[in-house]
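K.L.:
Residue numbers (numbering that gives the first Met the number 0), protein chains in the order written: chain A, 0 to 316; chain B, 0 to 316.
It is worth saying that the hints were derived from the structure and are not from the lab.
Computed from a predicted structure; not experimentally measured.
Mixed in with the good hints there might be a few duds.
[Claimed, not checked] In silico DSS-like pairs for lysine-lysine, Cα to Cα no more than 30 angstroms straight-line:
hint	chain 1	residue 1	chain 2	residue 2
1	B	K96	A	K232
2	B	K39	B	K96
3	A	K124	B	K124
4	B	K222	B	K96
5	A	K232	A	K261
6	A	K96	B	K222
7	B	K124	B	K96
8	A	K232	A	K124
9	A	K259	A	K8
10	A	K222	A	K261
11	B	K222	B	K259
12	B	K261	A	K96
Residue strings, one per chain:
Protein chains: 2
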Amino acid sequence: MIETDHLQKLIQEGIDSLSFPAGLPGLYEPISYTLEAGGKRLRPLLVLAACKACGVNPEEALNQALGIEMFHNFTLLHDDVMDRAETRRGRPTVHIKWNTPTAILSGDTMLTLASELMSRCPDEKLPGLLRLFNRTAIEIYEGQQMDMDFERRSDVRVEEYMEMIRLKTGVLLGCAVSVGAIMAHASDQTVRALYEFGVNLGLAFQLRDDYLDTFGDPATFGKNVGGDILNDKKTWLLITSQSEAPDEISQWLGERSEEKIKGVTDIYRRLDLPARINRLIDEYTVAALDSLADAALPAQASEWFTSLTSGLTNRIS
Amino acid sequence: MIETDHLQKLIQEGIDSLSFPAGLPGLYEPISYTLEAGGKRLRPLLVLAACKACGVNPEEALNQALGIEMFHNFTLLHDDVMDRAETRRGRPTVHIKWNTPTAILSGDTMLTLASELMSRCPDEKLPGLLRLFNRTAIEIYEGQQMDMDFERRSDVRVEEYMEMIRLKTGVLLGCAVSVGAIMAHASDQTVRALYEFGVNLGLAFQLRDDYLDTFGDPATFGKNVGGDILNDKKTWLLITSQSEAPDEISQWLGERSEEKIKGVTDIYRRLDLPARINRLIDEYTVAALDSLADAALPAQASEWFTSLTSGLTNRIS
Numbered sequence: 000m001i002e003t004d005h006l007q008k009l010i011q012e013g014i015d016s017l018s019f020p021a022g023l024p025g026l027y028e029p030i031s032y033t034l035e036a037g038g039k040r041l042r043p044l045l046v047l048a049a050c051k052a053c054g055v056n057p058e059e060a061l062n063q064a065l066g067i068e069m070f071h072n073f074t075l076l077h078d079d080v081m082d083r084a085e086t087r088r089g090r091p092t093v094h095i096k097w098n099t100p101t102a103i104l105s106g107d108t109m110l111t112l113a114s115e116l117m118s119r120c121p122d123e124k125l126p127g128l129l130r131l132f133n134r135t136a137i138e139i140y141e142g143q144q145m146d147m148d149f150e151r152r153s154d155v156r157v158e159e160y161m162e163m164i165r166l167k168t169g170v171l172l173g174c175a176v177s178v179g180a181i182m183a184h185a186s187d188q189t190v191r192a193l194y195e196f197g198v199n200l201g202l203a204f205q206l207r208d209d210y211l212d213t214f215g216d217p218a219t220f221g222k223n224v225g226g227d228i229l230n231d232k233k234t235w236l237l238i239t240s241q242s243e244a245p246d247e248i249s250q251w252l253g254e255r256s257e258e259k260i261k262g263v264t265d266i267y268r269r270l271d272l273p274a275r276i277n278r279l280i281d282e283y284t285v286a287a288l289d290s291l292a293d294a295a296l297p298a299q300a301s302e303w304f305t306s307l308t309s310g311l312t313n314r315i316s
Numbered sequence: 000m001i002e003t004d005h006l007q008k009l010i011q012e013g014i015d016s017l018s019f020p021a022g023l024p025g026l027y028e029p030i031s032y033t034l035e036a037g038g039k040r041l042r043p044l045l046v047l048a049a050c051k052a053c054g055v056n057p058e059e060a061l062n063q064a065l066g067i068e069m070f071h072n073f074t075l076l077h078d079d080v081m082d083r084a085e086t087r088r089g090r091p092t093v094h095i096k097w098n099t100p101t102a103i104l105s106g107d108t109m110l111t112l113a114s115e116l117m118s119r120c121p122d123e124k125l126p127g128l129l130r131l132f133n134r135t136a137i138e139i140y141e142g143q144q145m146d147m148d149f150e151r152r153s154d155v156r157v158e159e160y161m162e163m164i165r166l167k168t169g170v171l172l173g174c175a176v177s178v179g180a181i182m183a184h185a186s187d188q189t190v191r192a193l194y195e196f197g198v199n200l201g202l203a204f205q206l207r208d209d210y211l212d213t214f215g216d217p218a219t220f221g222k223n224v225g226g227d228i229l230n231d232k233k234t235w236l237l238i239t240s241q242s243e244a245p246d247e248i249s250q251w252l253g254e255r256s257e258e259k260i261k262g263v264t265d266i267y268r269r270l271d272l273p274a275r276i277n278r279l280i281d282e283y284t285v286a287a288l289d290s291l292a293d294a295a296l297p298a299q300a301s302e303w304f305t306s307l308t309s310g311l312t313n314r315i316s
């Protein structure tokens, strides 16, 4: 039985037990600050759940779970500098609370710490884990580069967008479940199938993010609805509307007003984008569940992952 | 026989043979630009020479040599952002030629590529190599943090400075020679002794840097003599003079003029700092050569490292 509460407790205890040298607060306080911000802890949960699903005590994969979470938080920290984001999870970002050099150097340190945590495994697993981890990291940087390149383009195609979110979001979820399975000595087929499950889950997850930022319920959505529209963020919604109603949508770009949110949302509705993005989310969800079936996990474990998938792709916040 | 020219040719060919995906020039062109800038290629040379000195074909350690050089160039790239440096080796820095997000993301990519190159080794060597590489990386970040902290302090002690340059410069040279020895299946004693050799060489090397920036011959020194003085850079010279002639030196801090260079240099001379820093360089050189003797290399290999040490600690540029 995969017990979510138990796994989340393991993750929190693991994060709390990470200790850093006291002598250099300028380097290590921003790391603690970043890690303690919380968030969903989805990626380490996937590592531990996959390990347990493959029949091994999840604590065997705890260092790898913490390594993946450390890596994820490193990417958020550096992305916030690159995007000049001033807040994350309701608190000032590191480069605002401290400064840009601190954010860069603390992030670098987190990346090396992530690799170090990932490496705390039996020697025979190290080559495979490290290859997967490094390849995933490079793909994520490539996704971030594509995302930044998109900002200066008005001709981004939907396929390019899907490739960008596959790299920026999908592969890390794929890596997380694979790492858990590898730590549990799972077969190559199970590792590969769980990887595909994770990637497709990530695509559905990110499209749900795009949907919620515009069509979410302000009462339950954590951030301000309409933020993506205000910032001309190249989401599936904007890219699709730029392709199908270019003249209408271009009139709004560059503006920052409440009317813009309403105007752009109206265009999206007219193009039937809310229903269409939800169908796309469903397609990736089905693809994820097909891959999950290929992983041939025990029934109870499959049910847990199915339930998690449903929760994430129907989430309201 | 260690043939310097042959090793340098291997390094250059290795760097030239690194290829990056063509589809993302925004990410990979800054990496090629950074690597092709050249420099001394001291660290990869140390890797290959140590491998050869321990009786193994240096090509066996080429990926590790490239990994160390990739890592070193990553630290320069990110340090230049943190220090707002506008040129390096006579060319605009990456954050000037492109922008800060590009410099951050390309640097992150270089760090992961460095880890990946380092990992291209026989499986049984991977755990040891990776532990050394990750520990060294963390120490270098700690050294950079100390260096940044020193900028805002006027009470830095000489021992703190020596610890900072041990971390920021020494340990990577120690890591480089150790990695070469590990790839050549050298004994633990040789690996450890070469590590100490490299660290002490690094300290002598950095102190020589401090000396040259103020007392170098403008005709042969590559950079403008006096740059450290103009920028109030916390070198051994400034820190020692702040301890021994605090009132005189503090009158100049914050200024930027040719008179300042002359005034501060005069204070340094009056305190006999040129002779004293050269004695200190000699002490670390002797310590390096003592460690080299402990490594028990063949006579010809020892002579090569001795000659390299002498060249670096007496260099004029």
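K.L.:
Now tell me if each hint is right for this structure.
P.N.:
Verification of the hints:
Straight-line distance between C-alpha atoms of K96 (chain B) and K232 (chain A) comes to about 26 angstroms, which keeps the hinted pair within the 30 angstroms bound. Using a Cα cut-off of 30 angstroms, the hinted pair K39 (chain B) and K96 (chain B) holds, with the two alpha carbons roughly 23 angstroms apart. Our distance criterion of 30 angstroms between C-alpha atoms is met by K124 (chain A) and K124 (chain B), whose separation comes to about 13 angstroms. Only pairs whose Cα atoms come within 30 angstroms are accepted, and K222 (chain B) paired with K96 (chain B) is accepted, the gap being roughly 20 angstroms.
Note on K232 (chain A) and K261 (chain A): the hinted pairing holds, with a Cα-Cα distance of about 16 angstroms set against a maximum of 30 angstroms. Proposed proximity of K96 (chain A) and K222 (chain B) is contradicted: the alpha carbons are some 36 angstroms apart, above 30 angstroms. Under the criterion of a C-alpha separation no larger than 30 angstroms, the hint pairing K124 (chain B) with K96 (chain B) is inconsistent with the structure, at around 39 angstroms. Proximity of K232 (chain A) to K124 (chain A) is assessed by CA-CA distance (about 40 angstroms); at most 30 angstroms being required, the pair is judged violated.
About 43 angstroms separates the Cα atoms of K259 (chain A) and K8 (chain A), which puts this hinted pair outside 30 angstroms; it is violated. Among the hinted pairs, K222 (chain A) with K261 (chain A) is consistent with the structure: their alpha-carbon atoms are about 17 angstroms apart, no more than 30 angstroms. Between K222 (chain B) and K259 (chain B) the alpha-carbon distance is near 18 angstroms, which keeps this suggested pair within the 30 angstroms criterion. The suggested pairing of K261 (chain B) with K96 (chain A) is violated, with an alpha-carbon distance near 40 angstroms, which exceeds 30 angstroms.
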